[in-house]
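Colleague: Let chain B serve as the given structure and place chain R on it in line with the hints.
So the protein lines, in turn, are chains B and R. 403 is the number that my numbering gives the last residue of the first sequence; the numbers go up by one with no jumps. 403 is the number that my numbering gives the last residue of the second sequence; the numbers go up by one with no jumps.
Any given hint could be a false lead.
One-sided and incomplete, this derived list gives chain B residues near chain R with beta-carbon spacing under 10 Å [unchecked claim]: (1) 39; (2) 83; (3) 84; (4) 213; (5) 221; (6) 347.
Using C-beta positions, here's what the derived DEER-type ranges look like [to be verified]: (7) B:198 - R:78: 50 to 56 Å; (8) R:340 - B:146: 33 to 39 Å; (9) B:363 - R:130: 24 to 30 Å; (10) R:341 - B:194: 54 to 60 Å.
Subject to a maximum C-alpha distance of 25 Å in a straight line, what follows is the list of computed PhoX-like cross-link-like pairs (lysine-lysine) [stated by the list, open to error]: (11) B:129 - R:338; (12) B:338 - R:70; (13) B:366 - R:78; (14) B:278 - R:338; (15) B:70 - R:338; (16) B:338 - R:129; (17) R:129 - R:78; (18) R:278 - B:129; (19) B:129 - R:366; (20) B:233 - B:278.
In short, the hints are calculated from the structure, not lab data. Positions of the beta carbon are idealized from the N, C-alpha and C atoms, including for glycine.
Number of protein chains: 2
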Amino acid sequence: MKSCLPLEDSQELLLSSIKPLLSETITLEEAPGRVLAADIFAPHDLPPYPQAALDGFAIPREGKRGSPLSVKRILGAGDLPGHPLGPGEAAGVLTGGHIPPGTAAVVRQEDAMVKDGILTIDKDLTVGENIRDQGEDFPAGAVIARRGTRITPGLSAVLAAFGFQEISVFRRPRVAIVNLGKEIAPHQATPLPGQVRDSNGPLLAALTRRTGGQVVAIHYARTKTEKQIGELLMEADVVLTIGGTASGNNDPGHHFIERVGGRPLFAGYQVKPGSHTSAGILDGRIILMLSGNPVPCAVGYHLLAAPVLRALQGLNPYLHRIPAVATNSFPKRGGPRRFLLGYALGSHQGWRVAVLPFQKPSNLHSLIDYNCLIDLPAGHPPLQLGDEVKIILLENA
Amino acid sequence: MKSCLPLEDSQELLLSSIKPLLSETITLEEAPGRVLAADIFAPHDLPPYPQAALDGFAIPREGKRGSPLSVKRILGAGDLPGHPLGPGEAAGVLTGGHIPPGTAAVVRQEDAMVKDGILTIDKDLTVGENIRDQGEDFPAGAVIARRGTRITPGLSAVLAAFGFQEISVFRRPRVAIVNLGKEIAPHQATPLPGQVRDSNGPLLAALTRRTGGQVVAIHYARTKTEKQIGELLMEADVVLTIGGTASGNNDPGHHFIERVGGRPLFAGYQVKPGSHTSAGILDGRIILMLSGNPVPCAVGYHLLAAPVLRALQGLNPYLHRIPAVATNSFPKRGGPRRFLLGYALGSHQGWRVAVLPFQKPSNLHSLIDYNCLIDLPAGHPPLQLGDEVKIILLENA
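Looking at chain B on its own, in the form it has when it is part of the complex (with noise of 0.2 Å):
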């Protein structure tokens, strides 16, 4: 087991240890914010024919402007087109219906007039115009999207349109939240003098969720055994277990994941807050040891737990590291490179993140507005307004 690594060390230790989930099948309606498993590609062109963009009549080559045209069919929806437009026909045709081939242009019926089967045309057109080729939108064979894309809205609009029913995406990871500490009482109980509400397991399952795993228990070490947690941590993908990894009395300490029969990766990394994070590994599972003060608990959620988290949906595990200028100023220097609770904003001038006051790690008042994590070297000085810092914008920031 390797002890203090730097951050980028214990990010690639624990990537390497795990690959993408196996996919799993799901409806078109569940597929927005899933992660696709496998390249999509369109099976035909789109559109499928040459389609009029409007309701109008298809006019050949030689029709224009003021010379009359004969009306010879009025092609309904679904009508299929037939025989190629004659010498001097003109055909009535509907938004996204059918054009005869030899359809040079299509005018608006705004644009013409038709009286007793005689067009006559009001406007000048180019070729093509009001006209929507077979294959512009995606040729057959095209990529639509590929493995690792997360599905939007407009994607599985496009899914739709393909007629794709099924879809294959990854799984999403199944979290399991434990807490360490016997004073840890779950939030919804009333707390005995010396127990403490849980409050990092509502912010470690809205944070999974909002990854794209899904919480399957937040246990408590309080009312099981090590033998018992042990056993529920076989349903889950990711342990994340909170507190434990102080070394005071109170503490089952970083010896957890021998005890439940994990082998350990690494026991503490040079960060800060959360320092004493450990990580191991379980039947392929990943056994992560977050803080069970609130700040180091967030902050090594978005550190190590959520690159894990993407990783296993195929998706790129780490998120834009990006310069902001900062609007307020922290008084600490360096020791560790640190991590800050901020606030980020574009701006017309490029990004701007103001330092969350409350910054202790106990203090829960900067988890309510964060967005981002700032980031400071190793023996950095203090904090200066308009100094230039690296964040790391959270998602929906």
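Modeller: Below, chain R without anything else, positioned relative to chain B:
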């Protein structure tokens, strides 16, 4: 009924016709993503009493490096402190646990040595060090969050810490989607000649869910009479119709609103694409008639439907409209105010935006990736690389 209103006038006309929906009570687990229907105040101090910030020893003001103190008690999890620290006295304390009155600081276990009940401190301490003051995170009565706040994972953690079990949130808007085009078949069906698979229904359903609404049904005029549709609409807060807004043969036209018993609010607005978009109201329900073409259908959703859905949830109806620099060009000139589907990226120098290819109203292609609308004013010149434009960043951009 008004015709061809400017965008802002049409938005205001819609928003002045509605108010936030009634509130409902949900559990904390269901809360993330929902919108608070009432201000929330801290019901008590948090921390509720002065706490040790780590496992160690509570020491009095005279405790300093090298001078021995007598350890007379060890406070276990949940132990109340009772009497103050006596002269020359220290007490064992646990992270988050009580400290005795008269405690000046807490020394970390690793920075002290205890032998035969005598504590020797190995480190200089300042007054207040490693003590969490009562109420330092939230004093009793402090605002935790205001009505109209969307609940973040972190806010749900704060609510859990205070023991809030039931959260009052605005009800999610119920949205019915109706395809008025007789040629539109459900995307699950194999289309007959002349039929087209519904892609706008899945698009609007996914967008509605992302904005916080719930989709009650997707209906098809093909299989239902207007009377039947009118009855079904009574289940919804908002009705989005697709198609039937152009003037062609095949379209029921915007008189649909009157035929189902509603009052038209406006017919058409000064926006391209989608200028035929209409709106009405029926027993407090908003009816929005969006284009049957995918690009104007999406644009109409973002400009008109999303503000309505946000306002019904008690949120600010409008998203930020910010400057960005175009990274490519767009050849057409205005005409009316025009919205393009774009892909925006926040950079060091501010926002950059690419006009996505395939901007014909009938093309689905640009729907896959867009994350913003590019807002070009009426009469705009062709867009050039490097031009500054205004963009509206969409949710989850």
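Colleague: Determine for every hint whether it applies to the structure shown.
Modeller: Against the structure, the hints:
1. About 8 Å separates the beta-carbon of residue 39 (chain B) from the nearest beta-carbon of chain R, less than 10 Å, and the hint is met.
2. Interface restraint check for residue 83 (chain B): the shortest CB-CB distance to chain R comes to about 5 Å, inside 10 Å, so the restraint holds.
3. Taken as an interface hint, residue 84 (chain B) checks out: its beta carbon lies about 2 Å from the nearest beta carbon of chain R, inside 10 Å.
4. Because the beta carbon of residue 213 (chain B) sits about 5 Å from the nearest beta carbon in chain R, less than 10 Å, this interface hint is met.
5. Interface hint at residue 221 (chain B): satisfied, since its Cβ lies 9 Å from the closest Cβ of chain R, which is below the 10 Å cut-off.
6. Evaluation of the residue 347 (chain B) hint against chain R yields a held restraint, the C-beta minimum of about 9 Å falling below 10 Å.
7. In this structure the supplied range 50 to 56 Å is violated for residue 198 (chain B) paired with residue 78 (chain R), their Cβ-Cβ distance being about 25 Å.
8. For the hinted restraint 33 to 39 Å between residue 340 (chain R) and residue 146 (chain B), the CB-CB distance of approximately 35 Å keeps it satisfied.
9. Distance hint check for residue 363 (chain B) and residue 130 (chain R): the Cβ-Cβ separation is about 27 Å, which falls inside the suggested range of 24 to 30 Å.
10. Judged by the Cβ atoms, the range 54 to 60 Å given for residue 341 (chain R) and residue 194 (chain B) holds: they are separated by roughly 58 Å.
11. For the given pair, residue 129 (chain B) sits about 20 Å from residue 338 (chain R) by alpha-carbon distance, which is consistent with the 25 Å threshold.
12. For the suggested pair residue 338 (chain B) and residue 70 (chain R), the alpha carbons sit about 24 Å apart, so the restraint of at most 25 Å is met.
13. For the suggested pair residue 366 (chain B) and residue 78 (chain R), the alpha carbons sit about 30 Å apart, so the restraint of at most 25 Å is broken.
14. The hinted pair formed by residue 278 (chain B) and residue 338 (chain R) fails the criterion: a straight-line CA distance of about 53 Å is larger than 25 Å.
15. The straight-line distance between the Cα atoms of residue 70 (chain B) and residue 338 (chain R) is roughly 24 Å, inside the 25 Å bound, and the hint therefore holds.
16. Between residue 338 (chain B) and residue 129 (chain R) the alpha-carbon distance is near 19 Å, which keeps this suggested pair within the 25 Å criterion.
17. The hinted pair formed by residue 129 (chain R) and residue 78 (chain R) meets the criterion: a straight-line CA distance of about 21 Å does not exceed 25 Å.
18. A hinted pair counts as satisfied when its Cα atoms are at most 25 Å apart, and residue 278 (chain R) with residue 129 (chain B) qualifies at roughly 21 Å.
19. Between residue 129 (chain B) and residue 366 (chain R) the CA atoms are separated by roughly 21 Å; this keeps the pair inside 25 Å, and the hint holds.
20. Between residue 233 (chain B) and residue 278 (chain B) the CA atoms are separated by roughly 32 Å; this puts the pair beyond 25 Å, and the hint is violated.
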